[in-house]
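Respectively, the protein sequence lines represent chains P and D. Residues in the first sequence are numbered from 1 upward in steps of one, following full-length UniProt numbering. Residues in the second sequence are numbered from 1 upward in steps of one, following full-length UniProt numbering.
Mixed in with the good hints, there may be bad ones.
Said to hold, decoys possible - Pair by pair, the computed Cβ-Cβ distance ranges are: (1) D:G39 with P:P284: 31 to 41 Å; (2) D:E166 with P:R402: 52 to 62 Å; (3) P:A124 with D:T337: 47 to 57 Å; (4) D:D175 with P:F294: 46 to 56 Å; (5) D:E141 with P:S451: 29 to 39 Å.
Unchecked claim - DSS-like cross-link-like pairs, simulated, lysine-lysine; straight-line CA separation at most 30 Å: (6) P:K441 with P:K368; (7) P:K441 with D:K41; (8) P:K41 with D:K441.
Just so you know, these hints were derived from the structure itself, not from any lab. Just so it is clear, the structure is predicted and the values come from calculations on it, not from any experiment. Just so it is clear, CB atoms sit at the ideal spot from N, CA and C, and this is done for glycine as well.
Here's the letter readout for the chains.
Number of protein chains: 2
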Amino acid sequence: MNGAKSLVETLLAAGVDTCFANPGTSEMHFVAALDQSPGMKCVLGLQENIVTGMADGYFRLARKPACTLLHCGPGLANGMGNLHNARRARSGIVNIVGDQATYHRPYDAPLTADTAGMARTVSAWVRTSAGTVDLGRDAVEAVRAARTFPGQIATLILPADVSWQEGGVPGEPMDPPLPPAIDGQAVEAAARLLRDRRDVLILLAGHGVLSEAQGFAWRVAHATGAAVMASYVTAHLARGRGRMPLERVPYGMDHAIQALDRYRHIILVGAEPPVGFFGYPGKPSIQYHPETRFHVLARPDQDPVEALRALAQALDAPEVAMPDPGPRPAPGAGTPTPEGLARTLAATMPEHAIVSDESISYGRGFYKFTHAAPAHDWLHLAGGAIGDGMPVATGAALGACRQRRVINLQADGSAMYSLQSLWTQAREALPVTTIILNNRKYNILIGEYASVGATPGETAMSMLDLGNPSLDWVRLAHGMGVDAAQATTLERCADLMKSSFGRQAPFLIELMV
Amino acid sequence: MNGAKSLVETLLAAGVDTCFANPGTSEMHFVAALDQSPGMKCVLGLQENIVTGMADGYFRLARKPACTLLHCGPGLANGMGNLHNARRARSGIVNIVGDQATYHRPYDAPLTADTAGMARTVSAWVRTSAGTVDLGRDAVEAVRAARTFPGQIATLILPADVSWQEGGVPGEPMDPPLPPAIDGQAVEAAARLLRDRRDVLILLAGHGVLSEAQGFAWRVAHATGAAVMASYVTAHLARGRGRMPLERVPYGMDHAIQALDRYRHIILVGAEPPVGFFGYPGKPSIQYHPETRFHVLARPDQDPVEALRALAQALDAPEVAMPDPGPRPAPGAGTPTPEGLARTLAATMPEHAIVSDESISYGRGFYKFTHAAPAHDWLHLAGGAIGDGMPVATGAALGACRQRRVINLQADGSAMYSLQSLWTQAREALPVTTIILNNRKYNILIGEYASVGATPGETAMSMLDLGNPSLDWVRLAHGMGVDAAQATTLERCADLMKSSFGRQAPFLIELMV
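Please construct the entire structure, taking both the sequences and the accompanying hints into account.
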């Protein structure tokens, strides 16, 4: 068999059965091999940042990597923004990047680029497959790297001749390495700390904010009175009824510093010490009190469930029911406000919904009003590179086998980065409801500009304002085959949300805010 | 003054007065400085690949660099596809990439990335400005690098604190280095060759295919009988009445080999030896006859006008009028065909139009039928990374000071890579007519798949077909504030083209092909 067929068979045997793709000429043998070896679900994205963002969203729900299929260095480059986000989300992805044939590369044809150099900036593992006979084994290692807990970006560069030549050998799947074991002494030290002191915060990230870990964290908190928060840099939280009413460390420096001020000890479970998204003149980089001491219970590459279970056991913390978040809120009414939209969301969302949140400035307070919603998953932009909300929503719908409603809370400026996602949602008939928060500006930047100490002048506003001309999201959605409607009140928004939740199809609501 | 103000003043003094931007938090002091130091025209793009593509199109017409303003590593990454294309087009661009404050970088906040590593993959010059006092001088060197003949990508990484701290010193503009002089012995050798032999091709690229160089090339060809062609990898050709009826080396391997077969000597003027875009099984990498000898008259970094003038003088080649391309063709009629569309274009285009051609497979034969059009400029995708046609059209309209009509011949698959360009066209009221060649598939790939030796099966077609759902380009344009209409016949297309040419505004024609 040729290299391409050995690669497809290796991927399928290793459990990689979904391929997000935007192929080009150098990938045609791989595309042909997909016809010959059935079993790979292929999903086309109309720009590579959609492709990589979908792979990220898929991983977060499926908890196993998909592969991407990208065309040469520039195709990889187009998808690097969301690979950056996926890296920060610690998602596992196997990128297959087709490239010039090995013997053709020295001729420096137009699409030749420093593909490996590009890949290294966003990948934990990079290899250019050097020969057809090695390709299956290379693919095994790529999948193993992507599956290394909790997930990594692995990029396999595939020269066209390595793909088309005969002599391919499918590789035997290998298990990923086990996460390094939790340090028993760290568990004991954390238990002592929690018994002795009342100024301790347990800071969770990664799998530490999913259901199972929350159960142990809540037992520990209940038994010791410790505070528990989620890191701001969190890609995926389990939320709603039956889960902890977790809040994240706030985004804004002043709010974050205030929220963390009283803790002199922070136990890190998959989290890093909290720092500002950016440095600001006259403000510190760190958000914690300068005298804070950190205690690492689990590094990001260790299993937080094991760590929190051990801690609960060390403390003899009894089983305890999750706190009751109170009654489900009534939907908001009238002119849209962040709180009103959050209440509407909590009031209407179906059981086990998935929220893909790229609401940026508008959504900072959504959590407070959605704790009493039915159990749901909430996905965040962990890497800060805008443009992941829509493709992550798209991929998450596929990662959840189209069985759960995805609600994409989407700022308009970020939406324009990856609006092509709507087309894939229509093509795959995915259960995604997109709510565009149309405020016609880069509102976060107008806030950031204020911190420079001035009101934006004409030149500055020309770079912060999206209102000239206004974007018409209903038309944009219709242009890509997605049904859509506008809402100017929360009642109308609620009606549209509820009717959309019954469809096995995407729907877009343009909410004028 | 702070660093940002010194940077803006340095750029303005060096003649960089246009900024294509998509800023973020770390660029707010630069944005504020633009308000304080007037003179910079700022143009917002809604995704960074639009920003960088516009800067490329601007340079091709203005023949001086613009700057871009990009946000951290991922913002740069989003724009790297079109920076790759601009690098292959040898366009000059000064990228300003705002980044984490120097002291904040070690904290590895979410948007922290290997910005310099990313920049190196597409730039001829990269520097991270280390201190406010150095920033003005760094900017001078960046502009000098970008202006180095014929043009280069220069990337200046600007840590936020270097931007906001006081102590900025505007830099004194420096002239770029002169292109290395033409080698007189190479001119003599080329002249001898042209006198002695009848199997000589002069292959032009870069400025060698613009008007002035063509005048000398035509004198040489007329005096010696030499053939003249343009390299396929050509970003910008002067075409139409009063210019040479140049053809490019064909894209397809077999056609290219056939076209070059009879030449045993190729004189390179800004061009590289012609090679395939890709390697293919059983085909050579080179497109020229294996016995061909190359003679470098001008390297890409040398002035082809000087080289061709010297050659014409060495040959005593007399002044001669450009060949008459014959009568202007009548417009095409009925069902759209490539030839019919080319005739319609030649029949209707206004004087000094600019064609931005990302027609991919549909446009391979456009040249033959447009030699007799009025004088115009034709812009190509030189780097092969699809998605540059629309932003290059947008930037070219600005580079030509909105005084010339831009006609964007645009394949649908590539258009979806950078459709956000339409919004900037509407915002800036740019005279751009976009013709979407809507064939609802990645047609070039269906052709490439055939060369694998099979018809695409269901899985393969799922990655090559754009028809499910169909994209509605009229709605997409309306959604971004651009007026638009559909045409299913060439008569209707001609009517829409003609009426659009009278507007000081963009217009989009969705041509069903």
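Exercise for the section: With 29 to 39 Å as the target window, see if D:E141 and P:S451 comply at their CB atoms. Expected result: holds (31 Å)
Practice task
Decide if the proposed pair is consistent with the structure: P:K441 and D:K41, CA atoms, cutoff 30 Å inclusive.
Solution key: holds (19 Å)
Problem - Range hint 52 to 62 Å (beta carbons of D:E166 and P:R402) holds or violated - result: Holds: the Cβ-Cβ distance is about 57 Å, inside 52 to 62 Å.
Exercise for the section: Could you say whether the range 31 to 41 Å given as a hint is met by the Cβ separation of D:G39 and P:P284? Expected result: holds (36 Å)
Practice task
Note whether the CB distance of P:A124 and D:T337 lies within 47 to 57 Å or breaks it.
Solution key: holds (50 Å)
Practice task
Mind checking the alpha carbons of P:K41 and D:K441 for me, to see if they're no more than 30 Å apart?
Solution key: holds (19 Å)
Problem - Status of the given 46 to 56 Å range, CB of P:F294 versus CB of D:D175 - result: Given a distance of about 54 Å, which is inside 46 to 56 Å, the answer is holds.
Exercise for the section: Would you mind confirming whether the straight-line C-alpha gap from P:K441 to P:K368 stays at or under 30 Å? Expected result: Holds. P:K441 to P:K368 sits at ~25 Å (cutoff 30 Å).
No hint from the list above goes unmet by this structure.
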